[in-house]
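Peer 1: Okay, here's what each chain looks like letter by letter:
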Amino acid sequence: MSAEFYQVLSLAMRYWFALLGILIVLRSFYWLHKDRRARHRRLRRLPDAGLIGEMVVLSDLEGMPAQTALAVPYEGILGSVRGCDIPLPAPGIQARHLDFWYDSRQGLMIRPRKNRYCTVDGEEASFRHPLAMGHGSILQLGPAALRLRLFAGLETEYHARFQDDVLPPTEAMHYGVQPGKEPDHES
Amino acid sequence: MKQQRLRYKLLALFVFCLFALLAVYGCYSILTYGNRWFASSRNPRVRAQKEQVAAGDILDRDGLLLATTDASGTRHYAEDEAVRRAMVHLLGDSEGQVSNGVEAFQTNYLYGFDDSLLDLAGGLVSGSPRTGNTVRLTVSAPLCAELAAAFDAHAGSAGKRGAAVVLNWKTGAVEALTSRPSFDPEAITAAIKGDPGQPFWNRATQAVIPPGSTFKVVAAAAALEQLSGIEEVSFTCTTDVLDFGDHVIADYGGGSHGTVRLREAFIQSCNKMFANVAVNVGWRGMLRTAERFGFNDNFLFRDLVVENSSYPTSAPSSYELAACGFGQSGIAATPLHLCMIAAGVANGGVMMEPRLLQEVTSASGRRKLSFSSSPYRTCMPASVAGKLQEYMRAVVTQGTGRQAAVSGLKVCGKTGTADSTLDGNPVTYGWFIGYLDEEDLPYAICVLVEDLDSGVSGGSAAAPIAADAFRWLRDHRTPEGGTAAP
Amino acid sequence: MRAEKRRDPGQRLTMVVCLFYFSAFLLLFLRDFVWQGLALAFAVPFTIFLSNRLLPKLFPADGLLLALAHFLCALGILVLYDTNPAYAYSQTVSYGVSVAAMFFCVWAVRIVRSRRIPVFFLAVLSLGLLAAPLVFGREIYGAKNWIFVGSVSVQPSEVVKLSLLVVLAYCMARRRFWSWFLFALGCLGLLMLQKDLGTALLYYSVGMLMFFASDGSVWILAAGTLGGAGAAVMGFRMFAHVKRRVAIWRNPWANYDGAGYQLVQGLMAIASGDLFGVGLGLGSPRTIPVYHTDFIYAVICEQFGMIFGLCVLAIYVALVWRGATIAMAARHSFHGLLALGATLMLGLQTFVIIGGVLKLIPLTGVTLPFISYGGSSLVSSMCLIGLIQGVASLNEDDLMEDTEIALGREEMSM
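Chains F, V and S, in that order, are what the protein sequence lines are. Going by my numbering, the first sequence opens with residue 1, and the numbers climb by one from there. Going by my numbering, the second sequence opens with residue 188, and the numbers climb by one from there. Going by my numbering, the third sequence opens with residue 674, and the numbers climb by one from there.
Bear in mind the hints are in silico, worked out from the structure with no lab data behind them. Treat each hint with caution, since some may be false.
The calculated DSSO-like cross-link candidates involving lysine-lysine, where the alpha carbons are at most 30 Å apart (straight line), are [to be verified]:
id	chain 1	residue 1	chain 2	residue 2
1	V	196	F	114
2	F	34	V	196
3	V	357	V	555
4	V	237	V	380
5	S	730	F	34
6	V	189	F	114
7	V	237	V	555
8	S	916	S	868
9	V	357	V	574
10	V	597	V	357
11	V	597	V	574
12	V	189	F	34
A short, non-exhaustive set of chain S residues, derived as facing chain V with CB atoms under 10 Å [said to hold, decoys possible]:
id	residue
13	882
14	994
15	1002
16	1017
Cβ coordinates follow ideal geometry from the N, Cα and C atoms, glycine included.
Bound conformation, chain F alone (with noise of 0.2 Å):
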């Protein structure tokens, strides 16, 4: 083919790659936006998606009653601000007090940041040494005592330390043993 006519040809196939280029842009980002949507619309069917279970409070804290049942995801922070994963607003605690990270084969580990403490299940935890909770355990930090609640599906061969005559057995726990009778999770 002579020059001259590919010349032709290419200058007039500049337009036809813009075009496609854009068109390729525009579809990726279509893709984009129905992912998302698409997320947004499984993730609102799975309420529970992400969390691993609950922590109740056992007393009566400020501006939070005994039983109110805090979401535990998967890994996260523990602290009395509000971004935090499991806010906790009582004197005592730290804004960010604790990691804590789920672990299939030990249950929930807790670790305080350098300088803090806690207890599970009356042992102190601290930074070089952390704890991990089980099904039922019971978390001490500052005026706070918490119980975590696991879902079903995810206990662990670790088992829970607490003894009944310590504390009474809440109503949380007492469905976590039965994991026929789910309470709604999102209360």
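Position chains V and S relative to chain F; hints supplied.
Peer 2: Structure of chains V and S alone, referenced to chain F:
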């Protein structure tokens, strides 16, 4: 995790901002500088196009052929050697020695880069070789030649380096532009390339030179605008110099002007008075006015590549500030810019963007572009411009610019003589900027003569050249703006 | 079924991409009538179609990331074929390798879920790899960052990118500050010794931003930025070549036959392209120095124009968006940080090189991810995509599990 997710989002937004910055900067730089980068003589695409396309013709405003391509593809310039030499800097040459001439800067048109697909397909069908567009300029070739001749006709400027620009102050159209020393584009020799006078350099648009007393136009505008009642203040100018410790300020030739007010100081070009004016306006005020006149601006004119003029932006010492009043100490401007300043005064304070292209027509005769004028900026209120017009008229009738006077025309102007150093040697620049205060002949001029002999000033070296140009315009221009047959 | 298909946004994108490459390669075939051109005109769209439609079904992959990465890789092959076919052929081979490497990464991310990562081993290995060019390498373009194994040359900094992300994400998720900090410091030091400042800048900024993401301390971010700026100023004072780079950046036209030549040629190419380009296969892209690696964006802008250049930028934005979405959906901070780090790495690398070509920031010699010629770069970019996809597939698994549990509950309560 909740807070971490928020930070993920924040960081993603940060990356988006970076990309937005890229996109905005990319578009901005391509849209503002793109045609300058494209038209660079180093662009290999232009060289490649030259093999395929015969460059279009360049005509002057009256249709005189300035450059054309013959059948063998060789570029030829105007028949008259005087015209060739006078216009070579404006047009450029086929070797690309002159940077940013029309030949280089308008490659887009001359080599048909902007030819539409239909044009190309049509050419393909007819099989004729491709020719670029014909570019008609606003310049008048005989006037350029006349300016060049005027340099040699006067003793003060004969054989000197220099430049001259004529603009239409109503529209901004460049009527003439020449730079000296010059050369013949048809015969470029090694001797020309090695010439220490740099004949390839377009001084009219590229040389930034201290404007000397012509800057008093700007200083006077600053004073009239910012110091109320300055016209009534009188100042006694003696032969004593103003002493600033390490520097002194004296008047041209060590003379004195007696008791003067702003108007007389302007007419007599009294440095000491203007030093006081500058000190009173203050450097911020001076800087503001200078920037309104286009100093420190990045000139991005559509048809011309013009070096930027500079005015010192950092706080100067008291001597430097005083010297700013008469255009020394770090102030520098091109002849084209000073011509725009004169045109701005003539046009009531509105500077027009200098334009060079009158018309572009494709090889098939379709018009692609025709002249349009647009204002560059308003540099001062019309009232101030009116006073300056009167001052500049008086300069020619009774002041330093008497040699620019032409019978039958209302010539206004301002002279200047600037001292500077070039390669360590002191050098004196003679300036004249002026304009015709005539509705039918709306022309502004700037003449620069470099390296004056001792005892010669801008008023005696540059003003006569301007007078010749005005005389030519008087004799050759019909009131409609056309060029009368000689 | 048909209606379902028509609504699938993935297919619509794939169709346009295939159409683009088919017409582009066909046009180039019409230029020089070499059979390889015709072969590519069919092979490239076919491969893209197959991988976009089939791979997500065979393997847990994120369709959009895959499609965008394929589009960019193929764009690289197209531009390389346009300028220098030999490069395009070897790029095609690297592309095959890189797809395999990408799946390896997806797999790796999936299996390490329940295992401890040998971070220490990874860190030592990376430092050793980075030190290797100092011992065995030779200097190319002023930087000593290549090692040669037989006829194959590898850029260790591209490989170390991946392990850097893994180590950083792992240690940051566990809040082991000093481990990652010392490792990152070691990497930066070795890169400085190699004079590979562009990559050092990239590592530094990604590390700093990842730390900000994990810790949230604005003060440390500010200190890091200040420290980085201080280091840049010190580098400017100490190294002559940094000074030269900055001088070129400030005014490349001052010396356009010498030091500024690259940048000036790149800018002229982009300016010549204007909005729609000079036309594919026309123009003079080969006059730009290193048109096949650092300046490939200038070639794209010259050939296809500024509009298309902006579209390429937008594709990278979509990639970053997707990466960030995946990072945000991750349930464990290790995975989140890994996906985010990979995304930041891709995004910042793109910014650094395109910014350099457009004269927004001083030019540093990093490659344009996916597009630039070079096996190491292509493989590492695809591996980064692999890491993100691995995280995406884990997210998907988790969500599926949750759905199953929810369904199980519904059944039980019925």
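Peer 1: Compare the structure with the hints numbered earlier in the document and write down the numbers of the violated ones, lowest to highest.
Peer 2: Every hint satisfied by this model.
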